[in-house]
Each structure stands twice: as C-alpha cells, then as structure tokens.
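We have chain A already, so just place chain B on it with the hints.
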Amino acid sequence: MGIREAKTRRRSNRAVRRPNRSPGGDVFIVIILACFGAFFAFPLVFAINHAFKPLDELFIFPPRLFVINPTMNNLQDLFILMSRSWVTFTRYVFNTVFITAAGTLGHLIIASMGAYAVSKYVFPGSKLFFNIVITTLMFTGFVTAIPNFLILARLSWIDTYLSVIIPSFAFPLGFFLMKQFIDTVPQSLVESAKIDGATEWSIYSRIVMPLVKPAWLTCMIFSVQALWNNPQQNLIYTEQLKPLPFALQQIVGSPHTPNVARMGVGAAVALVMMVVPITLFIIAQSNILHTMANSGIKE
Amino acid sequence: MSNLARYREKKRALRAHMWKEMKKHRTLYLFLLPFALVFGMFVLAPVAISIFFSFTYFNVLESPRFIGFQNYLNLFLSDDVFLIALRNTLILAVVTGPVGYICAFLFAWFINELPRYIRAFVTLVFYAPTIAGAAFMVWAIIFTGDEMGYANAILIRLGIIQEPRLWLTNPDYMMPVIIIVVLWMSLGAGFLAFIAGLSTIDESLYEAGLMDGVKNRWQELWFITLPNMQGMLMFGAVMAIMASFAVGQVTQDLAGFPSTEYAVHTIVNHLVDYGAIRFEMGYASAIATILFLTMIYTKILVGKFISRIGR
Numbered sequence: 001m002g003i004r005e006a007k008t009r010r011r012s013n014r015a016v017r018r019p020n021r022s023p024g025g026d027v028f029i030v031i032i033l034a035c036f037g038a039f040f041a042f043p044l045v046f047a048i049n050h051a052f053k054p055l056d057e058l059f060i061f062p063p064r065l066f067v068i069n070p071t072m073n074n075l076q077d078l079f080i081l082m083s084r085s086w087v088t089f090t091r092y093v094f095n096t097v098f099i100t101a102a103g104t105l106g107h108l109i110i111a112s113m114g115a116y117a118v119s120k121y122v123f124p125g126s127k128l129f130f131n132i133v134i135t136t137l138m139f140t141g142f143v144t145a146i147p148n149f150l151i152l153a154r155l156s157w158i159d160t161y162l163s164v165i166i167p168s169f170a171f172p173l174g175f176f177l178m179k180q181f182i183d184t185v186p187q188s189l190v191e192s193a194k195i196d197g198a199t200e201w202s203i204y205s206r207i208v209m210p211l212v213k214p215a216w217l218t219c220m221i222f223s224v225q226a227l228w229n230n231p232q233q234n235l236i237y238t239e240q241l242k243p244l245p246f247a248l249q250q251i252v253g254s255p256h257t258p259n260v261a262r263m264g265v266g267a268a269v270a271l272v273m274m275v276v277p278i279t280l281f282i283i284a285q286s287n288i289l290h291t292m293a294n295s296g297i298k299e
Numbered sequence: 001m002s003n004l005a006r007y008r009e010k011k012r013a014l015r016a017h018m019w020k021e022m023k024k025h026r027t028l029y030l031f032l033l034p035f036a037l038v039f040g041m042f043v044l045a046p047v048a049i050s051i052f053f054s055f056t057y058f059n060v061l062e063s064p065r066f067i068g069f070q071n072y073l074n075l076f077l078s079d080d081v082f083l084i085a086l087r088n089t090l091i092l093a094v095v096t097g098p099v100g101y102i103c104a105f106l107f108a109w110f111i112n113e114l115p116r117y118i119r120a121f122v123t124l125v126f127y128a129p130t131i132a133g134a135a136f137m138v139w140a141i142i143f144t145g146d147e148m149g150y151a152n153a154i155l156i157r158l159g160i161i162q163e164p165r166l167w168l169t170n171p172d173y174m175m176p177v178i179i180i181v182v183l184w185m186s187l188g189a190g191f192l193a194f195i196a197g198l199s200t201i202d203e204s205l206y207e208a209g210l211m212d213g214v215k216n217r218w219q220e221l222w223f224i225t226l227p228n229m230q231g232m233l234m235f236g237a238v239m240a241i242m243a244s245f246a247v248g249q250v251t252q253d254l255a256g257f258p259s260t261e262y263a264v265h266t267i268v269n270h271l272v273d274y275g276a277i278r279f280e281m282g283y284a285s286a287i288a289t290i291l292f293l294t295m296i297y298t299k300i301l302v303g304k305f306i307s308r309i310g311r
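So the protein lines, in turn, are chains A and B. Reading the first sequence from the start, the letters are residues 1 to 299 in the numbering used here. Reading the second sequence from the start, the letters are residues 1 to 311 in the numbering used here.
Watch out, some of these pointers could steer you wrong.
[What the hints assert, rightly or not] With a straight-line Cα cutoff of 30 Å, these simulated DSSO-like cross-link-like pairs (lysine-lysine) come out:
| hint | chain 1 | residue 1 | chain 2 | residue 2 |
| --- | --- | --- | --- | --- |
| 1 | A | Lys127 | B | Lys20 |
| 2 | B | Lys299 | A | Lys127 |
| 3 | B | Lys20 | B | Lys10 |
| 4 | A | Lys127 | B | Lys10 |
| 5 | B | Lys11 | B | Lys23 |
| 6 | A | Lys194 | B | Lys24 |
Calculated directly from the structure, the hints in this document are not laboratory data.
Bound conformation, chain A alone:
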C-alpha cells in the first residue's frame, strides 16, 4: 500500500504537462464534458429547484427550470404531514436507522472475514468461491426475487426486519471490493505475524482490518445506499415497521396517479430521497475511489 500511495502522490504533484498534449484536444475535452455534464446535472438541478418552488410556480406555463421566489413551504408541509402521520415520524426514522445499521454492520463483519480468508490464503475451493461471487455481481434482485420470497416465507421472516437485514449481508459487491483491497496488504506482514505466534483471528482483526479502512468505508456507503433504495422493503407491510424512504414514497402516490394536491410535498420528498445517498458519497468520495482502484477482475 505504501508503494501505491507514493505513486499517487508523485502523480498528483505532477506540474509539468506531458508534451504530447495538444491545446485543441484540451478544448475538445472541456466542451464534451460541459455538454454531457449539463445533461447529467439537468434533472438533479431541476429536482432541487422544484422542491423550493411555491405553488403557483409549480404549475406555471411555460414551465421554468429555475425557481424565482424560493420558499421552504414544501419542506415544511412535508414535515407537518410526517409529524401528523398515524405512525410517528420518529418510528420511521428508527426503522430506517436500525435496518441500515444492522444490515451494514453484519455485512461488513462477515464479508471482511470471508474476504480475508480468500485473499490471503489458497485453500481447496477458495478460487472457485471467488469466481462464483464475481459471476453473481451481475444478478440483480429481480432475477432472484421469487425464490428469495419463497425462502423468506419458509423461514417465516416475511414482514419482519430480518427479511431486509439478513439478505443484505450477502451483498456480493461488498465482498468483492473487500477481497480486492485486502490483496494489497503485503503477504509478508501476515507471515511475520504468524511467526510471532499470532492467531488467525488476531491477524485479521489487529493487522489486516486497520489497514483496509477505505474498503470498510466504501462497503459501508454502498451498503447504506443499497438499503436506502431497497425494493426488498416491499416484504415489510406492517406500517409500524416500514422504513422512511418507503413511507415518504407513499405520500407522493404512484407515478401514474400523481397526487396533484401534494405536488410540492412530492418535490420535497424527491429531494430528500436524493440528498441522503449523494451526501454520503461526497463524504466518502476519496476513500471510495481509493478502494475502486483495486476493483480489476483478473481473468
């Protein structure tokens, strides 16, 4: 890891332009990025502006992108609506925090333990297991939704926190990134600790884990994001157990019968739904990129 850091540092201190760069090319790159950047940012800018528009601007013709008289009314309405709801707002928050914290923590611990074993040792089945994990990176929730439901029903976990928490432990991307990052910890470190008589557990918990903090943080962020928008939440239908994102989306109504009277609140909900994952990403961006630098799949 030391070598890698040294390399990045040298790269970042690079002040001289490489001589084979044409100014025309630079201009081209900036123009392309500006155009596409506008395309990518447009809906987000729109959503942010929409959330602060007063009622008359929400229904104005022709529609405007930018808000003229920004107001906090929509967010206030959302807050009032939530505080008057049958299940209290704090209960929804508790559900979200509990599910996310438990799911993320469990995932981190068991994925990093497994990743440590697969990364630092070769034993019968270790390669096979990792290749299977790589293949399953492609499978989305839709493909496995039906058997997943049948399994959870058989365990009678439907309509409990467990139906969301336990399956989230098995998030393959987290395991994959963790294993790739642990690969960068020098093998010699593990071996010398072993000669000093350290047990497998203390090598894992005292030597390897403190060295892979960026990977922890990355897995945490990805896991929280996955849980924030998890369709698995449909498996919880008791109102008191529902997490916040689900409750918020109920306010807006389904996409095809939009609740016109709550247009402003809906815009506020959209903003809240967006802000949480994006904020988390901003906080952890450098750590995430550090982790993703090891995400290459070797064939």
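Coordinates of chain B only, in the frame set by chain A:
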C-alpha cells in the same frame, strides 16, 4: 502396475493431499462460513431454485408439478408478449450496454485529464444520477405528455414541434426516451472503477511511452492506458451487463405497466407480471433462467473481447 491401478493410486493421493490441505486450513473455512452461508442462501440457492422451478408448473398453492421443457416451449412458441419483451430487452442491452460502457470510460478518461482540484466535483456530477435512486422520476415530469411537460414546452417554443407529444405513451417515442433515461442513470460502479484505475497507472509507463514516440493522447490510450486497465474494463463490463439487461423498474415507473402496445415491455417486466401478479412461478422462473443465462453468456463473450485489447 496397470494403468488403471496407477490412476487410482494417483487419485487417492490427490484426495488425501486435498483432505490434508482442508484440515490444515480449517480455521479459514470458519472465517468464510458466515458469508458463505448467507450468500448461498440468498444468492446461490435462489438461482438453483429458479432453475428447478423452471421445469415445473407451480402456482404457490399446489405443490410443483414436473412438466419438462413445457415452460420454455410455451415462452418461445406461444407467448408473443415474451418475444416482444425479449426483443426490447436485447435492443436496450445492445444500445445502452456498449454505449453506456464506452461513455463511462471516455468520461472517466476525459475527467482524468482535468486539473486535479475540479476532478472530484465533475466525478460527482456524472455519478450522482447513479446513486440518486428514484431520482429518475424527474424524467416523468420532464417528459409529461401535455404542454406542461418541459420537453414539450421547450420544443414548442423553439418551433421544432407544433403540438405536444405523448413521450411516454406513444410507442414511437417510448423506446428512445427510455434509452436516454437508462443511459443517464447507469454510468455505474464501472465509471468509478475507471476513474480510480486511471489515476493509479504508473507514471513511468507514460514517460517510457513518450520516449518510444507516442505522439498523442489517443495513441497513449490505446498502447499504454487500455492494456494496463484490463481488470477494470472487465469489472466495468460486468456492471454494464447487469445495468443494461436488468432494465425494468424504469420502464414500469415511466411508461406504465403494461406499456402501450408493450413498446418498452422488458424481460424483467414480463418476469414481474408472471411472478408477482399471476403467480405462475414455474413460468416466471423459466423467464428468470433465460435472463441470467443470457447475462452469463454475454459476460463470457465480452471477456474474450476485452482480453484482446491492445494486443
């Protein structure tokens, strides 16, 4: 000793060796066990169960009845909607997969050429739609079918169209609109991997390339950057395959379920239809099986292609 006896002897020795290895590493199996358990239960078992049910008639109430390849025959021979869904999914995958993948790489590469201090910000702008989750519903407002919709309002004001277009209910426009939205929201984890990978390529390789007469950044890309990023490219490809074949939520939420004339009905929509609405689990499982076989096959093909880059 005969050949057969020698072969058996070898096999026994191999097995004994393997057993010894397994015993030596027994603590490691304990380390792997918790993850392997949940992974097996919620990722692998569902796939196996899906394949098993795809050969049965199963409506959840009665126990499954074995019917061989009947589900598959029905899908391809008598289910017109499935064939439409298959066609739509392939169109979406062939367009959004490679285009999204190449865009993700090019954007990452361009961003890497920018000065360091604005890199983080530009990365965030491009990646935000991927993590913003349900934010794609904003497109529903932009593409509203009356003159209140932003796309319609802008195009009418510019005089490009005379009357509002039903972007999300007219089969002529639905597919392009969905393609735009999917491209917008699925740069994905591959994009991050590219950004990260580009910044870790050893600078001395570029310096050596310069000595060897690499004239411009495009040559540098082909001869130095790409060959050193094969692992990332593979990872990005896996992510792109996932994103482009599993389009379903977007079509359902934007164009409705079912969409007009099934114009953007995808395999995932078909799967949800039979699995979650009609409760024909056997049939739905056959659809799921076809979907992930297609994905695995695509991954193998793409892997072969990527291993040839820069050679």
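Consistency of the hints with the structure:
1. Lys127/A to Lys20/B: Holds. Lys127/A to Lys20/B sits at ~18 Å (cutoff 30 Å).
2. Lys299/B to Lys127/A: Since the Cα atoms of Lys299/B and Lys127/A sit roughly 19 Å apart, the hinted pair holds (cutoff 30 Å).
3. Lys20/B to Lys10/B: Holds, at roughly 15 Å.
4. Lys127/A to Lys10/B: Holds - the C-alpha atoms of Lys10/B and Lys127/A are around 23 Å apart, at most 30 Å.
5. Lys11/B to Lys23/B: holds, 18 Å
6. Lys194/A to Lys24/B: With a Cα-Cα distance of about 14 Å, the restraint between Lys194/A and Lys24/B holds, given a limit of 30 Å.
In the structure shown, no violation is registered for any of the earlier numbered hints.
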